[in-house]
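Q: Listed here are the chains, written in short residue letters.
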Amino acid sequence: MVRTILSVAMTMAVAAGTAQAQLIEKTALTLQGAKQIAAAAESRANVEGARVVIAVVDDGGNLLLLERLDDTQVASVNVGIDKARTAAIYRRPSRVFEEQVKNGRVSALALHGAAALQGGVPITVEGTVIGAIGVSGETPQQDEEIALAGAAVAASFTK
Amino acid sequence: MKRTIALIAGMTVLGTTMLLHAESVSDKRGLTLEGAKTVIAATVAEAKRLNAPGASIAVVDEGGTLLAVERLDQTFAASANIAIGKARTSALFKKPTKVFEDVIKGGRTSMVTLGGDLQNFTPLQGGVPLEWEGKVVGAIGVSGAASAQQDEELAVVGARSLDSMETAEMTNGRTPLPVIYIDSQKVAAAFAKGAVLVGEAETMMHTARNYMVHASHRDKAGVVEIHEHDTDIVYVLKGSAQLITGGTPVGAKTVAPHEFRAPSVIGGDTRRLVPGDVVIIPNGVPHWFKEVEAPFDYYVVKVR
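Order-wise, the sequence lines are chains A and B. First residue of the first sequence? That's 11 in our numbering, and the numbers climb one at a time after it. First residue of the second sequence? That's 1027 in our numbering, and the numbers climb one at a time after it.
So here's chain B without its partners, still in its complex pose (with noise of 0.2 Å):
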């Protein structure tokens, strides 16, 4: 057992060149100044929402430099300073600087030469880490606002806007679909007699998607088919079927947009596909089940 997972471990290190590499160099996400003024958007608009007297809010990299910084109108000037020192710290020691406020409150008060080497070390309430895939990629500060708490909420909030940016990547920027779930009754009658458990028989594909799944039933021989757009991927269940693909369709005729028959079709392969058969045909290839030993069920998804 031990061997085989340090084989399998030693196969993908050479397998894999980058995991080589890893040893010297790392790679690592960096925040863009285009995120950082959404963090800033996003913080600016919470400040407007609670009606917050003004707010500098900073945003630095991992390193603590500055990003990018603005001051609302009618702050404080000095705030701007301060929000740079609360977002620096907070990146710095990867930590909320109500950390160290709360430490020094509590008694620490050596904390307060922490600084040290540090430039503009600020243990005070309104900074808050940035992370991207769990890793902190840079810091928020927030000076300004109402009190030190809503500083700090206001951070939290411009925090949290890098997550949804974190969630629009994952999912390519649109509300994922929901889950289907077809019960085992449902499936069993709709290839009792043939149907489309997923899709528009209409249009062929959903608009939002770009698959549909048949449950496909044949209890006779059909015609020659061609998609000129959906590969069909088929999963054999039950009977048997000869298969001929590929060949040139004779007397072909248009039965829907994209969709074309043909009643037979000259030369191409021949296979005889019996349950646990997988066959992938795709788009644009001819394909005829030719003969049937009825019933002859399977699953096909057709995807575009």
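One chain only, chain A, in its complex shape (with noise of 0.2 Å):
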């Protein structure tokens, strides 16, 4: 589910002595994993009979799996697309920044990359950021608790 870039750390390590202090392991998701996000999502989805767009992004915000689920409205592709990345890039639920323009801090909306929406979270892996599930299509409530209800997923993860 979650694969270690221990190989590449490994490699350099023989190749030179110093190396370990220029390179570190880093923990990535895999295509498995998010699937396992997805479905987690999906099926809290399918309970409360939301229509949503699940995302899941990669730790450098770029797009790792995405389901649209039927008669969800298109225009949730590019927003659930955006709310994932956001909470991956800034490593925090986009809900964050929406809080902050409504609390008056509209200077929020100019952070570059960043969707000022609640519904996306990060996926975790002991206490590293390692991706984000974005989700749009309902209320920003319903939205954020369907990928809360994936990225919990990611508990059970064993490198």
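No wet-lab data here; the hints were simulated from the structure. Some hints could be false.
[Said to hold, decoys possible] Cβ-to-Cβ under 10 Å is the rule here; a few derived chain B residues that face chain A:
{"id": "1", "residue": "Gly1056"}
{"id": "2", "residue": "Glu1060"}
{"id": "3", "residue": "Val1070"}
{"id": "4", "residue": "Asp1087"}
{"id": "5", "residue": "Thr1091"}
{"id": "6", "residue": "Leu1092"}
{"id": "7", "residue": "Val1095"}
{"id": "8", "residue": "Thr1101"}
{"id": "9", "residue": "Ala1103"}
Remember, predicted model here, so these are calculated numbers, not experimental data. Glycine included, every Cβ here is placed at the ideal spot set by N, Cα and C.
Grab the two chains, each in its own frame, and use the hints to assemble them into the complex.
A: Written as structure tokens, this is what we have:
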């Protein structure tokens, strides 16, 4: 489900004794892991009869997997991706920015690559953000609840 | 002739209200997420079979909007958007994206600006329309495989998986049974003594079929028959018989599972059958060929 990019580090370590100082170990989300997260979000959405887009991105904010449930408004595709990217590259729920704007920090809208819309949640393994899930299509609260149901699956991920 | 056609057409329109509605709205088939996932699964399987170094696979609907995307492990990150662009371009133009790549390569460079207001116009090989019953219902885009050529090969395999779904729907998911042909000599031989043309005598019905066909021949009267499950569709070919249907059987016995016979019946309707007559005897209805002018030949389809 998650793969450690360890081989690169080890190869470099052999090549140069000091390489360990220049490289870090990184845990990466696999497509299989992304599918498990999306499946959990999808079943939560189905229970509620929610019509949503579910987007899963990697730690760089790049799309890994997307599902548009039947009869979901098409505009949610891009909104879902935007929410996921926001949560991934800022390593926090996209709700944080929506709340900042609501509380008067309008300049949060200027944050590069961020969508100040609730519904994007980081995917975390052992405290590290390895990606994010973004949900769009229903109310902001419902979108986020579905995203959280998906992200929660990461707690069971093992390397 | 012309008038007849117009009349029939007019009557059909009046009789079919759906056609009246067709003037303002039309029925549209849309790809479901389930369908999109199946197309992606077929493409991923082909990518693995070909040992492709990676692939992003996108499926869009007929409006070019994303339905589902998967980026295989180790595939470069930009490939997801390129795959989406290829799929979108293919769906909106109802053409493989190779068409645009070839035209541009052929010297029509200005085609690269065709995108204009279209978001994500991607004139690169690897986008293929998805068709259902000859209509474009979406498109698949692949990026990140070994080459542009392989991107398209994978997309084509994905698109074909929808064709097999279409076939599966038409055949209810089963492989159709083989066509049965019985030549006239064999049919004549069967009628000469009376025989089962199609079906197993032991179980009455072949397990895969819900019918059997008899070439029936009678020289003398029969007994009252009641089939619990089988409806008899009878077509008289030769001779004549008195048929009694309905009534209350007297002294009925079970002769086989779901099959009952009796020596006589009280009441019922009497009919004289002659060549060319058709009789349909629903399951559960007692029937009796009481008097027969031999040879009495009749073709029976038994339906369960």
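Q: Look at each hint and say if it fits the structure.
A: Outcome of the hint check:
Hint status for Gly1056 of chain B relative to chain A: holds, with the closest Cβ pair at about 8 Å, below 10 Å. Annotation: interface hint on Glu1060 of chain B holds; nearest CB of chain A at approximately 8 Å, less than 10 Å. Interface hint at Val1070 of chain B: satisfied, since its Cβ lies 9 Å from the closest Cβ of chain A, which is below the 10 Å cut-off. A cut of 10 Å between beta carbons decides the hint on Asp1087 of chain B: the least distance to chain A is about 8 Å, and the hint holds.
Checking Thr1091 of chain B against chain A by beta carbon gives a least distance of about 4 Å; that is within 10 Å, so the hint holds. The beta carbon of Leu1092 of chain B comes within 5 Å of a beta carbon in chain A, closer than 10 Å, and the hint placing it at the interface holds. Look at Val1095 of chain B: its Cβ gets to within about 4 Å of chain A, closer than 10 Å, so that hint holds up. The restraint placing Thr1101 of chain B at the interface with chain A holds, with a minimum CB-CB distance near 9 Å, inside the 10 Å limit.
Because the closest C-beta pair between Ala1103 of chain B and chain A is about 4 Å apart, less than 10 Å, the hint holds.
Comparing the model with each numbered hint stated earlier shows that all of them hold.
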